[in-house]
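Q: Listed below, chain by chain, are the residues.
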Amino acid sequence: MNPEVPTPPETPSGNARNGVNPAEDRRQVSGAPAAVSREKPEPGEGHQPISLWVIAFMGALLFWGGWYLQRYSGNYEPLVYDERATLKLGGGMTAAPTNAPLDPLKLGRRVYAQVCQTCHQENGLGVAGQYPPLAQSEWVQAPSPARLIRIVLNGLSGPIQVAGQTYDNAMPAWRDDLSDAEVAAVLTFIRQEWGNQASPVEFEEVRTIREQTANRGSRGLWTAWTVSELQQISDTR
Amino acid sequence: MKTSTAPGFLQSLSPASRPDPAVPPAALAEIDQSCRGPVLFMFVCGVVWLLAGTVFALITSWKMHDPAFLAGYGWLTFGRVRPVHLNLVVYGFANQAAVGTALWLMCRLCRVPLMHGWMIIVSTVFWNIGVLVGAVGILAGDSTGIEWLEFPPYAAPILFFSYALIGVWTVITFRFRREPHLYVSQWYLLAAFLWFPWLYSAAEILLVLEPVRGTVQAAVNWWFAHNVLGLWFTPIGLAAAYYFIPKVIGRPIHSYYLSALGFWSLALFYNWNGMHHLVGGPMPAWLVSVSIVASVMMLIPVVTVAINHHLTMRGHFHHLKSSPTLLFIVFGAMNYTATSVHGVLSALRSVSEVTHFTHHTIGHAHHGMYAFFTMVMFGSMYYIVPRLTQREWPSARLIYLHFWTCGLGIMLYVGALTLGGVLQGFAMNDPNLAFLKVVAVTKPYLVLRSLSGMLMTVGHIAFAWSLGWILIRQLGPYRDPSAVVLGSSKSQSTGAPA
Amino acid sequence: MNYGPLLFLGVFLTLASSWVGLVLVPQIQFGRLEPVKIEETGEIYPMARSGLAEQGRELYRAYGCVYCHSQQVRAEDFGADIQRGWGKRRSVARDYLRDKPVLLGTMRTGPDLTNIGMRQPSVSWHLLHLYDPQMTSAGSIMPPYAFLFDRQKQGLQKSPDALPLSGKFSPDPGYEIIPSPEARALVAYLLSLKSSASLPEVK
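Protein chains in written order, with our numbering: chain A, 1 to 237; chain B, 1001 to 1498; chain C, 2001 to 2203.
Be aware that a few hints might be false.
Dumping the calculated DSS-like pairs for lysine-lysine here, alpha-carbon to alpha-carbon at most 25 Å [stated by the list, open to error]:
hint, chain 1, residue 1, chain 2, residue 2
1, C, K2168, C, K2158
2, B, K1437, A, K106
3, B, K1437, C, K2168
4, B, K1321, A, K40
5, C, K2100, C, K2158
6, C, K2158, C, K2037
7, C, K2194, A, K106
Just some of the chain B residues that point at chain C, by a computed CB distance under 8 Å [said to hold, decoys possible]:
hint, residue
8, L1040
9, P1197
10, W1198
Restraint-style ranges between C-beta atoms, simulated for each label pair [stated by the list, open to error]:
hint, chain 1, residue 1, chain 2, residue 2, range
11, B, H1310, A, I55, 14 to 20 Å
12, C, E2054, A, L69, 36 to 42 Å
13, B, G1315, A, P41, 14 to 20 Å
14, B, S1350, A, G59, 41 to 47 Å
15, B, D1430, A, G66, 43 to 49 Å
Simulated from the structure, these hints should not be mistaken for laboratory data.
Glycine included, each C-beta is placed from N, C-alpha and C at the ideal position.
Just need the whole structure built from these sequences, with the hints factored in.
A: So this is what it looks like as structure tokens:
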């Protein structure tokens, strides 16, 4: 170590060499600033061959890719959305394996989630002062679903008393959005959920009432029922 | 200025032509000096946007667990600050750090000083105007609503004009290169500079100017957005890693053949990945399946690059102790492998069923853009700036503070959102769990994300401080006393020339 | 690999391949889909939105609702979208024919909104929820959009449009909150979001 040359401070952007003032040293050699002078040579490339394991790995991946494409591409059809659809002999595509028809209670629960739950809540208790409860409701548990079917198809407006509380809101008509099977299923569901015990609702009942009340308005503009109108319809079997 | 001595076609395919690594330092210094104005200008602008983008990031993150925060103003609503954050850090910071680094790398590797620097300066001015106009536009409510392309239509031409200048510059520099051998970084840089304008203009035309009908928009959107990551930022990040790793440790890259395989497999597979953002969505099955296959095929370039980098570094990890550049770059390169493998898994339908639509996706995006790309850019800037300013970084402590806060910050970020996102996904797939309960599951992880963001903010401030200090401070113990402009009489007096 | 033109050619062809495969082919395959007529109801699907709902859609875009809400229902046994009641069937390309831009969304910080018009058809619920989500959904992390509402001095009587606020949500005494036209447009858009019609490609 040269005692006449002060040890330079450690500079963050490079390695200070052992005791020799790098700036002095390299400047004399290169005429370039210290940072550049202490650089290692420009990068180059070695020529190690590619390992056979890498080739094998690539091959396995390509094989998998090819298999996946032929299995899950739905014959490259633009309107086939389910990747599990397969070609049928004689043309066309099979439906996905799980398109079996639903049992009514499952369908009913699903329809409830789709259109009823946001107001009547998941627990069927409604919202105090706004939406009446369905759990332990005398309207829901009536022997005949005649009034219920009408409410669901055409809606309800005006005050209604449920379990001792009065509610005055507007329930929309679901005639345009639910099929007979869906109405029957959701009413069956609410009539035996949350401790309710009432008979299931048949799809023919819904269809009959839908036809009977078809003149209460038009598509998108159905006239809602009021309680006094409903009370003229029997709810006993 | 010599024209390039183009080799014959067959000759050019042979790896036998190697670069002459013994480039005299004086020549390198001359190249650095020519880059000084344009590249420093770009870096400084980029760091300003980094700070602004970080502020918006903190605001956005805080709003997610405290929705009443700053909620009184329409222009600061979550749905506006979130895209402003994304666009500022991507197009404001990341783009300028990327292009600045790429320019310097291109000049160094082509062994030619930066020509027509005025073009770069004009381009940078316009780019920053475009970013500012775009960001203000989003806050004003003019966002296009298209992810990764939110800047209003009036900002796009400014950006496009700016980019066109850079593109022209790249071609000219490449044409007049003095080094006939093309190093792997140059392949990546050239490819990135050719791919980006195609992606950007196609997206603007097909989504904003003359929108295609229906879900074809979604296809174009995610073809564009994913390729900004994969065909623009990733190649530039890899180009930087491929340069700095061998450069700092003083050894060549392990295998030219692996480099070539990695490059071409990336070029072939990466751009087909886009539809993995739409698994389960309203797209034909084949479109999604094709992207899933391409996503899994990405293991080929990712593993190749990982092997190449690792076998280059093997036995030389001790250099990490003395080179902050290497620290950032190796952290970034390792996270490139990690985020890519993570991405491959996320593309599979069975995994996507759980993680799609959750915070997991955000964690993954930051893993790639930050833990890989941004950290590589930090490392690159730490190397490049002293060579441009002819001064050393004033404080090693600030640099290590930057590294540890940002490194730990991003790891916490990715960990929190990955775990939180998976839990959120499982909860969402349980139809018996009310949605508000699903939201409740995510809240602790959103708080952790804000904490990690604060850590990273400290790091960004440290970096900006270092940059300001090295640029502005004229005096100080770390100023290189031998700072010279080559050719001046001062350099002649100091000793024998090289 | 030192030959510039060869590099350029390879780089061009690789991106061209995905441009063809992921942009051009989809455009050819389903970029010209048309609305269909539903036999049972005689309606065209997808229906054009009302002017007010289209205005609302622009607000949905401008306020960035897409960053928390998706508008795509996944298939029956993929995730639990249909079991949650978010739709009767999965979403398909035809559902988005009239949308510019298509707002599929990629995040479900909040629930999917494809069928919110069917699931929650109450205008007053939506207005309350937008004014302060805590009123209808305690614990929600959706921000309040009170700036979409106007605060005005109450006249001799409460305005029929005034929001029925109570407790800590109510404004100062003597004041009432009424929805601005922007709020009404946004709610009109939300109520227009229904896509459960059976289509030839998916029942």
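Q: At the C-beta level, are B:S1350 and A:G59 separated by a distance inside 41 to 47 Å?
A: With Cβ atoms ~24 Å apart, the hint is violated.
Q: For the hint on B:L1040, does the least C-beta distance to chain C fall short of 8 Å?
A: violated (29 Å)
Q: Would the hint on B:P1197 stand, with a C-beta cut-off of 8 Å toward chain C?
A: Violated, because the Cβ-Cβ distance from B:P1197 to chain C comes to roughly 11 Å (cut-off 8 Å).
Q: Please work out if C:K2158 and C:K2037 have their alpha carbons no farther apart than 25 Å.
A: violated (45 Å)
Q: Quick one: are B:H1310 and A:I55 within 14 to 20 Å, going by C-beta?
A: Holds, at about 18 Å.
Q: The hint says 36 to 42 Å between C:E2054 and A:L69; measuring C-beta to C-beta, is that right?
A: Once the Cβ atoms are compared, 40 Å apart, the range 36 to 42 Å for A:L69 and C:E2054 holds.
Q: Just to be careful, I want the Cα atoms of B:K1437 and A:K106 compared with a cutoff of 25 Å; is the pair within it?
A: holds (23 Å)
Q: Take a look at whether the Cβ-Cβ distance between B:D1430 and A:G66 falls inside 43 to 49 Å.
A: For B:D1430 and A:G66 the Cβ distance comes to about 36 Å; the hint is violated.
Q: Taking 8 Å as the limit, does the beta-carbon of B:W1198 come near enough to a beta-carbon in chain C?
A: Holds, because the Cβ-Cβ distance from B:W1198 to chain C comes to roughly 6 Å (cut-off 8 Å).
Q: B:K1321 and A:K40: Cα distance at most 25 Å?
A: Given pair B:K1321, A:K40 holds - Cα atoms ~16 Å apart, limit 25 Å.
Q: Taking the CB of B:G1315 and the CB of A:P41, does the distance hold inside 14 to 20 Å?
A: This hint holds: roughly 18 Å between Cβ atoms.
Q: Does the structure keep C:K2168 and C:K2158 at a Cα separation of 25 Å or less?
A: holds (19 Å)
Of the numbered hints given earlier, the model fails hints 5, 6, 8, 9, 14 and 15; all others are met.
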